[in-house]
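Participant: Here is what each chain is made of, one letter per residue.
Protein chains: 2
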Amino acid sequence: MKAARFHGPKDIRIEQIPEPQLHPGAVAIDIAWCGICGTDLHEYLEGPIFIPPHGHPHPLTHEQEPVTMGHEFSGIVTALGEGVTGLSVGDHVVVEPYFVCGECRQCRAGNYQLCVKMGFIGLAGGGGGLSEKIVVDHRWVHPVGDIPLDEAALIEPLSVGHHAFVRSEAKPGDVALVTGAGPIGLLLAAVLKAQGLTVIISEVTEARKDKARTTGVADHVIDPSQEDLPARVRQLTGGNGADVGFECTSVNAALDQLFDAIKPAGVIVNVSIWGKPATIDMQKLVLKEIDLRGTIAYVRDHPATIKLVQEGKIDLKPFITARIGLDDLVEDGFGTLIHHKDTAVKILVHP
Amino acid sequence: MKAARFHGPKDIRIEQIPEPQLHPGAVAIDIAWCGICGTDLHEYLEGPIFIPPHGHPHPLTHEQEPVTMGHEFSGIVTALGEGVTGLSVGDHVVVEPYFVCGECRQCRAGNYQLCVKMGFIGLAGGGGGLSEKIVVDHRWVHPVGDIPLDEAALIEPLSVGHHAFVRSEAKPGDVALVTGAGPIGLLLAAVLKAQGLTVIISEVTEARKDKARTTGVADHVIDPSQEDLPARVRQLTGGNGADVGFECTSVNAALDQLFDAIKPAGVIVNVSIWGKPATIDMQKLVLKEIDLRGTIAYVRDHPATIKLVQEGKIDLKPFITARIGLDDLVEDGFGTLIHHKDTAVKILVHP
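Chains as they are written, first to last, in the working numbering: chain A, 1 to 351; chain B, 1 to 351.
Think of the hints as simulated: they come from the structure by calculation, not from any bench. Just so you know, not all the hints are guaranteed correct.
Any copy, or any two copies together, can satisfy a pair, since identical chains are not distinguished.
Only pairs whose alpha carbons sit at most 30 Å apart, straight line, appear in this in silico DSSO-like list of lysine-lysine [claimed, not checked]:
#  : residue 1 : residue 2
1  : Lys288    : Lys341
2  : Lys117    : Lys171
3  : Lys133    : Lys117
4  : Lys133    : Lys2
5  : Lys288    : Lys193
6  : Lys117    : Lys284
7  : Lys307    : Lys133
8  : Lys209    : Lys307
9  : Lys284    : Lys171
10 : Lys117    : Lys288
11 : Lys284    : Lys10
12 : Lys307    : Lys288
13 : Lys276    : Lys209
14 : Lys341    : Lys209
The whole structure should be built from the sequences, with the hints applied where relevant.
Facilitator: Right, dumping it as structure tokens:
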């Protein structure tokens, strides 16, 4: 079958590899659509980052580069391994793309997203969504009912947003400030709206400001290069400040503004991946008793996330900005994300 | 009466001022002992910081420099204003030294420590513990029963430690790592021990390491300049890392080590006051889903803190390293804290 495999930076090849074999406890899936993640782009440009380099196989998959890429995918069940129940051939599904050890303290405490050996399908080995077929442990397979398979490919990044929401402990009626309207910022905002929050998005690029407006995920879109963001947020909240903040830019100025725009005793969740250290005014953390929280991926978030889409509380269609074939992955996929990153939200690949 | 008043940096004068007048709802107290806080030292060296400078009176006290200093004090009730119940003349008491507006959202939500106009007795005006007498609103007066009055003067900084403990949400049996064995680090450690935690203290100076050992507040004292602190903490916790961390140094290297020494999904409470921005490796915050929390002063912590001392769970005597008279405040008080800061824990002043 065809698969997109990482051989090194700027060396992702579409090649023929053997089909994966079904085994007890596993599920065979024909992949329908796979989204390209910012992580995939980082691997393409500067990898291997999460991908196990040659000579350093992943402790759980025992694989190393070249590995098949893609972790944001949907598909149709084609066969069930021995002992698998609760799924049927023909089911439309998504995959929570984890490898975890099941033995470390975090796994035993239920925090499998913090497993000491954690790896992702599509990065650590075990196949990936940027191929025709995959076989995964049934634990990670979530049926999506009648959600269209193209939209279902966005369940994975939407679950990232859902987990960030859970980490914030925000509640309906709260006011959230999201810095950055990239793919994760927008999908997180969609979760927040669906949960009954008022959403303020700060964004500087025109295309992303437009997207924040046209997708309906923001109650207010503020350009911090043109307006005083903390002052505007205070104005919109009766002088109080936002209840929760979500940092989705990895830009220090945005983090600084969150500390000013958040209410005393507020929570800031850092969702973005930082390539450099952040500088923080600890006096604001102290005098306002702010909680700054990290969030990574998802843990038991998929069912609730799928339900939000099934109930019509989130419409994923506006976030799909292109559909391409696997052969066009590098040129039309990564190429678009590099040269037109502000207009592209989610590019889906059909293998 | 005599009072120590701040007139400017390195200009604290012991002078005669009028006695405060009792009014309805207030309590008149003869001050027994007053501790010198690090904040007082900062004001002496570089103030006015929290003290309202000339021309900028505090919004609640309407006072400006010169103000009477001292906020860590104990005393004996000498008279009760009209309408005050629950206290008697002769009671031994301590004071939670706040001025708050009672009207802002934080006050209304019960978070009076985050009041937008918050000021401290002994800094913002309203008299101070470094004088013979004071009159304060009965709301802030806490009886201490038979706790000796010298030890009772340490209830205020001990409440800072108690509040940091509450902010951490730590529970009995947890392992805490406290960076820094200055006065607040030591008193916080005493609270943690009293709450049934295992306490690891990291400290570099010999005198403070000794104090951490001889006061009995630490189960382990580690010198991070001589040992690999995160590795030792992992070793002491079966590879897991500490459950909670408390930053009490305002040294960036200590904060960095906390991020390495804390378990995944752990909590770090920043207790120290930083004069400069902190640099944080956000990848550790993210990938370990760490909560970094600010804590300031106390809110409803005094009764529980007093109870810990009354029940004998905390012995405050070892933290009193000197007793001086008010006339010797500058030379023997601030002078000792400047030149012998590692051996001095709490210097008490008897006015």
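Participant: So, for every hint listed, does it hold in this structure?
Facilitator: Quick rundown of the hints versus the structure:
no. : hint               : result
1   : Lys288 with Lys341 : between (36 Å within a copy, 29 Å between copies)
2   : Lys117 with Lys171 : between (33 Å within a copy, 28 Å between copies)
3   : Lys133 with Lys117 : within (25 Å within a copy, 62 Å between copies)
4   : Lys133 with Lys2   : within (9 Å within a copy, 85 Å between copies)
5   : Lys288 with Lys193 : both (26 Å within a copy, 27 Å between copies)
6   : Lys117 with Lys284 : between (35 Å within a copy, 15 Å between copies)
7   : Lys307 with Lys133 : within (26 Å within a copy, 65 Å between copies)
8   : Lys209 with Lys307 : within (28 Å within a copy, 55 Å between copies)
9   : Lys284 with Lys171 : both (24 Å within a copy, 27 Å between copies)
10  : Lys117 with Lys288 : between (36 Å within a copy, 13 Å between copies)
11  : Lys284 with Lys10  : between (42 Å within a copy, 27 Å between copies)
12  : Lys307 with Lys288 : between (36 Å within a copy, 27 Å between copies)
13  : Lys276 with Lys209 : within (26 Å within a copy, 34 Å between copies)
14  : Lys341 with Lys209 : within (13 Å within a copy, 54 Å between copies)
Going through the hint list in order, the structure satisfies each hint without exception.
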